[in-house]
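**Q** Here the protein sequences come in this chain order: A and B.
Going by the working numbering, the first sequence opens with residue 1, and the numbers climb by one from there.
Going by the working numbering, the second sequence opens with residue 1, and the numbers climb by one from there.
Please note that a few of the clues may not be correct.
As the list claims (entries may be wrong) - Below, in silico cross-link-like pairs of lysine to aspartate or glutamate (EDC-like), each with a Cα-Cα straight-line distance of 20 Å or less:
no., chain 1, residue 1, chain 2, residue 2
1, B, 273, B, 200
2, B, 34, A, 200
3, A, 480, A, 200
4, A, 649, B, 200
5, B, 27, A, 694
6, B, 541, A, 832
7, B, 40, A, 832
8, B, 34, A, 703
As the list claims (entries may be wrong) - Derived DEER-like restraints, expressed as beta-carbon distance ranges:
no., chain 1, residue 1, chain 2, residue 2, range
9, A, 995, B, 327, 42 to 52 Å
10, B, 347, A, 453, 16 to 26 Å
11, B, 325, A, 593, 22 to 32 Å
12, A, 453, B, 330, 17 to 27 Å
13, A, 609, B, 265, 51 to 61 Å
14, B, 523, A, 842, 26 to 36 Å
15, A, 880, B, 179, 53 to 63 Å
Calculated from the structure, these hints are not laboratory results.
Note that the Cβ used here is the ideal one computed from N, Cα and C, for glycine as well.
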Amino acid sequence: MKQLLKILIIGMLCCYQMTNAQQSSGTVIIGNVYAKNDGALIGVAVREVDATNRIVSATITDINGNFSLKVKSPQNKLKVSYVGYKPVTLAIGALKKFAIEMIDATEMKVVEVKAKKMSNTGTMNIPERENSLAMQTLKADFENLSVASLDEALQGQIAGLDIVANSGDVGSGSTMRLRGTATINNNATPLIVVNDIIFDAPNTDAFDFVNSNNESFANLLSINVSDIESITVMKDGASSAQWGSRGANGVISIRTKKGFRGKPRITYAYRLSEKKQPQGYKMLTGDQYTMMLKEAYFNPKFSSSASNINEINYIHNDAVFPDWRMYDNNTDWISAVETTGITNDHYVTLAGGGEKATFYLSGGYYNEKGSIIGQNLDRYTSRMQLEYNVSDRILFTSEMAFTYSNEDKNYPISQNNHDVGILGIAYQKMPNLGIYREDSHGNTTNEYYNVPQTMSGALSDQKDLPNPVERANLAKNNVKSYRLIPNFRLQYDILPRETHQMLQIKGLVNFDISSNTSFAFLPKEMFTTTWTNDQLNKSDFGSSKSSSTTGRLEIQWMPNFTNNDHSLLMYASSEINGGSSVSQSESSYGIPQGITSPTTGSYVSDMKTGTGIWKGLSFTGSTHYSYLSKYNIDFTLRREGNSKFGPGKRFGNFGGLALRWNVIDEAFMKKSQDWLSMLALRTSAGVTGNAPTDDYLYFSRYETWSNYNQVGTVRPVAVTLDNLQWETVTDKNIGLDFGVFKDMFEVHFNYYYKRTDNLLQKDVSIPTSSGYSTLKNVNVGSMDNQGWELNLNANRFIKVGKFSVDCYLNFSNNKNSILELSDAVLSTYNGEYDFKNGSYMSRLQVGNSIGSIYGFRYKGVYQYDIDNTALVKSGYTKGTAPIARNASGNIIYNSEGKPLPMYFAYGTTNQLQFKGGDAMYEDINHDGNINQLDIVYLGNSNPKVSGGLGFKLNYDRLTVNINTVFRWGNKVINQARLLAENMSSNLNQSSSVNWRWRKNGDITSIPRALLGTEVGKNSLGSDRYVEDGSFWRVNQMSVNYSLPTKFLSRFSINQLSVFLTLYNLFVVTNYSGVDPEVGIGGWGVSTDNNQTPRTRSFTTGVTIGF
Amino acid sequence: MKNILNILVFFSFLLLGSACSDYLNVKPENQMVKEDFWKKESDVEAVVRTCYRSMEEKDFMWRVIVWGELRSDNVITNSSSGNDEQLINNVNILSTNGNCNWQSFYTVINDCNMVLKYAPGVMDSDPNFRTADLQAKEAEVLAIRALSYFYLVRTFRDIPLSLEATVSDNQNLLIPQVSADSVLKVITKDLLQAETWALDVYSTPSETKGRMTKDAIRAIMADVYLWRAAVDTSATKKAEYYENCITYCDKLINATTEDFISDGSLVQVQKYKLIKLQASSQIFSNGGGIGSISNSGVGNSSESIFELQFSTDPKNDAVISLYGDNNRNSAGSFKATLAYADSKSELVFPKTDTRKADFIVYPFISEGIYKIFKYLGTHTALGSDPYSYNTVSNWIFYRITDIMLMKAEALTQLGGETNLRQALQLVNTTYVRANSSSSSSSSSSVNTTPTDTLVFNKYNNVPAMENLVLLERQRELMFEGKRWFDLVRNSERKKSTNELVGYVVNKYTSDISTIITKLSVMNALYLPIYENELKINPLLKQNPYYQVSSSIVK
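Please work from the sequences and hints to get the whole structure.
**A** The following block contains the structure:
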């Protein structure tokens, strides 16, 4: 750390010296600069440079092309450069007067540049054809896409990278998985690296990755997509091993744009998007709803008094029910909360530079109004990149990124511990209810209507539902965040470049400072409860600050072998990082009316503070060796220490080895070389890992507790985790690269096997006879992920005149299975079946894949009651009835000759006899009893194949981009439909329940309405709600046209292009829900909870450059 | 090349220089770590207090009441009570019942084990912490641990015995069960040791009543011996344990202390003397401090031997939610058994017994719902509403009348006329106090036999006396978490549940035959091991009574 600072200071002093150079004493030289055709040149830069090209003094020529310069040393050289001319370098020597002729650059001959396509592994720049690692680079052309964040832009583009948007809510982010899920409790998201620096969520340590999917990737919002130059995805262990414990989930390495030499160029881009919610379930209207509810209340008891509920009784009488006007509506709550989302995105960049320095500056303003009311995001981003060549051997770089975002979200509405959102409530809210209060003349007032506490007890489900329109408009939930990432780099060539070998050291200091404040308020108007309710006028305030520092020292050596067959590149680095975070939060309620943020005077219900400190250090070494560019080897070793482990287990060793054989270079391939441009075999193996997310685990800790007999106490709170180890991920990869016709067609294939050992699991139960119920972290077992990726690229494979086509297609497959899991975890997870509606049995088995879904098989609806006369008359042959049948399908009779009825959970407290109109489940073991023994495997949440397909069509200055994504063979639990079709509560239902069973003999697949969770078993976890989640989505289609330069130059405009992007154009799927793209939950089962679906949008924009 | 090598060597030193492992030592800011703790006597004291404080946790107190009362005939569940409690009430006990979770007890036990493990080391760093100080602290935690185990043994019978503090995950945490007998042996030994080391008195009266003194330990000893006598099969052992029980009871009954009498002179008086007037109010919730030890505030009456000191923080939440709060119109999760509480019934309390109205609120809240009042406040015969509520009440584990009746029980079991007469005399002490209107003499000293109260010729045989003692224990100690264990002890003695069932069915109005069947085996008297516990610890064996065939092989 100190050393780094020293180097930086030295570097800065150099800069300082340079600016002061002119004041120093020395000989004065004079001269004149001219050109053959133009005569004297004005404003030509004349510089005195030393042996390493460092500028020691400088001046410019006057109106007559004359200059005078006080030189420091006659040994130095004089360098003269001017735009449009070839630079001139002269020795100073004893000469005092110079006449310098500049030669027009246009007269230069065509220079043939012989360069190899390079790829950056994160540590080294090596030729792409020598790269033995499994990585894929995307040279991004993101300007034409209106996407808020990187993940949206990446979707479907990288083989093996499965990205699922969490929801269509503004700023909600997505779930990313590279080559499957290799960890259970830890963060399974690939590591994001920006310009070789880890880009963390601001407070990773306190972050619960398993339970807060929604936010987890929103942090990527703070990278403006327009600033991205390229994205490299490192997939195998050997390539991500350089990031050690952080690289276990793969790495997404992002490089941002840099400045360039040349005239400063200003680019302005504007994008406008409009978003619409796609059509979801059609819900019941108010009239259909009240009819359904009446049946639902009547059916369980066959009593009309049970269904005699004022709110659904069509009363038009003030004396009987004064609020009747509020309950005779047909409100479409869904369209009431939907709106047209509009995005405005302004973006300006300024880039340029000269021989000594280049710069890139950008600033953007992004505003998004969500397609659900009450959502708004404002984001300001700016990025600055400066490169300064202090001399030929010293390069100083500074970057600064700043993001400020101000987001208004909907106030969360929690049901069963997850946020259902405004839209979720809109789907549940009773449609016969009005949004606004109506006065006695039936006119709508502007006061929102909330159901009173005096509402019929039977409708208690509805009583707890807020008015979603009111919730979105009146409740506040605001998050503001700042993030500032400055960094400084200094690069020094220890050996001069002329020796043709490279020995370079680099120093880097990076700071990452972020601050978040959140404020939420629930006004009293939303409640009809008493004043003492703890939700009333409730305000939540939270703030967190975190900062982290990274210091890194790197050394790179490329020896110059006399035998050119060998090439070697070695790299070593040491890194220290550390960070801290502070957070505090306060909740209070009962705040006086009209005040949202009181200083005092309310009931403080919760108050918390938290601090966190983390530190780490690491040493990395890598080597790349290539013989004749034919046999290549890459080797990486990393030793890493982490403050989360105790002294003995603090350091982990990670590393990787990769080999590549360019078969194409072999002599026997000579014949094929005219058409075959690449044939290479790769293989690699790597070890990466994961550290637990909690701190201080290796201490036995004590904390102060409350009093005993007025005196304070101290209690032990945690057990020392001496056994805790790094979670290690061992990864093996075999790959094939294939290219024909000068890489017009490229094929990349990878097969991988990834094994996770010492799987970390949080809060593992232990026998309470120890005095504790859980251990915070335990290594519980191992699992593996294996799969393949196929990536096909066709570059300009069709070329007719000005027309050309590019195409990409990728497929990937991943299968994971649990190899070993501690009994305690298995038995805790595999609970007893709870016999409840809507719940799927959770089962985890060694040898099986995670994400498996188990449930009953749904066979439709029983047409008849068992004692229905028509049925009895027919001798039980008619239709279907709940009658027990044996394996051969024959009816089982009791001693009286009557058929045995079908039971649910016979002999338990959940016992229930099926009736006509009830759901029919397959009696797998033919015992006339539907119970846990009839539960079968229904499928898996992991897709068999996923990937993307895209085309790029070029015609002259017109480009059409089409990107599509697909997933195939995954199952999704459509929980949203389950809730919308169960008819067991008084939440609104989907209009499909209009086809419900109503009387004996009805043939339908929708059971009868039965209110109450325990009176019927019509919505048990069955394959009725397990759907195929396969889809093919046309994600983006964009048309871009840039105007001809010749035409533009008249208006001194460099570049002008217009574009139109259609986003989420259409989806081909059998999935009945709103959106088949459903995220994967903690243990890998995907459940569609009816989150806001992906919106449909179009974007149009213009880019103009000067 | 040499140059380069030099640079490389320099560079690698640079790397290693910063590789100090100390850099990675990060200690928490809001917690203490073991390495910095256990240095001073005050550290030991703070953790010893945690042992008591852990007992005050709602989960612990909840189970003390649920295990000791709910299964007995004293209480029935109210409609507002939780599902788990209702299932126990209906003798529909499954291993998933949350009340079978014993974690709160093992937390206390582990806190005690921590003190036993680390306190000796404090002597090295704190010169003021001497052997006697250490032993006094060890005595306290040994006693607390023994009491916790005693509850577990009486509730589950065979339990895991953990005598080693849990400090690291590399310890073997899968502990098998051991027999109840070996647990009892261990705790007897521990209590014997604790008795010799413990203090007689602490600096303040509330500390003396609220921490483990020699007397508190003796009270537990008496209880443990009485239990061991009941469960042991050998006749000689039984006799020996009863004798031991009597010895320890006598140590408490005959204990004396110095006190100033009205003329200012110092005399030896009975240490745990009975309160004559408004005893219940003064013992369980004394807002006014009348009759309690001077300045001790609430509770801590002269009758009590060991009671957990509650205050407004923490409150005795288990009592509040199970027995009720200060709203006289609503009962807690439990209500008094109708057959006993009904104002006309004389099934347990005779008409003259003042304890009935002291322990239960009259009139009832609504038909059949009698609110339990013990612990909730004071009951006086004055004013329009005789019940006044306090927010704070301690929880008494042992008080002198409990000890007296334990002695009576032991004497009865030993048999013989002298013993039986002595037993009756002890029973009469508490009985007469509560039935003073029926007694000819208003003074109810231990040494005088009331003439027309309980007469010996009605109870001159062991079974009759046995029933009387059991009944008097029920009356005197109702709602104090003792009744179920009294019934189980009685059943263990008889090796039959018949008598127990006879009492318990009194609280039921329906399904009586099912309940009789369910409680017909001894194993049914003990709770099942909590299902989660069984899953995690494969060494545990479920009580055979609860082994269900429905556990299907997966």
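**Q** Confirm or reject each hint.
**A** Now the hints, each set against the structure:
As the CA atoms of residue 273/B and residue 200/B are separated by approximately 17 Å, the hinted pair is consistent with the 20 Å bound. For the given pair, residue 34/B sits about 32 Å from residue 200/A by alpha-carbon distance, which is inconsistent with the 20 Å threshold. A C-alpha spacing of about 18 Å is found between residue 480/A and residue 200/A, which places the hinted pair at or below 20 Å, so the restraint holds. Straight-line distance between C-alpha atoms of residue 649/A and residue 200/B comes to about 49 Å, which puts the hinted pair past the 20 Å bound.
Proposed proximity of residue 27/B and residue 694/A is supported: the alpha carbons are some 13 Å apart, at most 20 Å. About 18 Å separates the Cα atoms of residue 541/B and residue 832/A, which keeps this hinted pair within 20 Å; it holds. Distance hint between residue 40/B and residue 832/A is unfulfilled; the C-alpha atoms sit about 49 Å from each other, more than 20 Å. With a CA separation close to 11 Å, the supplied pair residue 34/B and residue 703/A stays within the 20 Å bound.
Separation of residue 995/A from residue 327/B is about 51 Å and conforms to the stated range, judged on CB atoms against 42 to 52 Å. In this structure the hint that residue 347/B and residue 453/A lie 16 to 26 Å apart at CB is violated, the actual value being about 43 Å. Look at residue 325/B against residue 593/A: about 31 Å separates their beta carbons, and that is inside 22 to 32 Å. Remark: the range hint 17 to 27 Å for residue 453/A to residue 330/B is upheld by a beta-carbon distance near 20 Å.
Hint check: residue 609/A to residue 265/B, Cβ distance near 59 Å, so the stated range 51 to 61 Å holds. Take residue 523/B and residue 842/A: their Cβ atoms lie about 32 Å apart, and the range 26 to 36 Å holds. Taken as a hint, the range 53 to 63 Å holds for the pair residue 880/A and residue 179/B, whose Cβ atoms sit roughly 57 Å apart.
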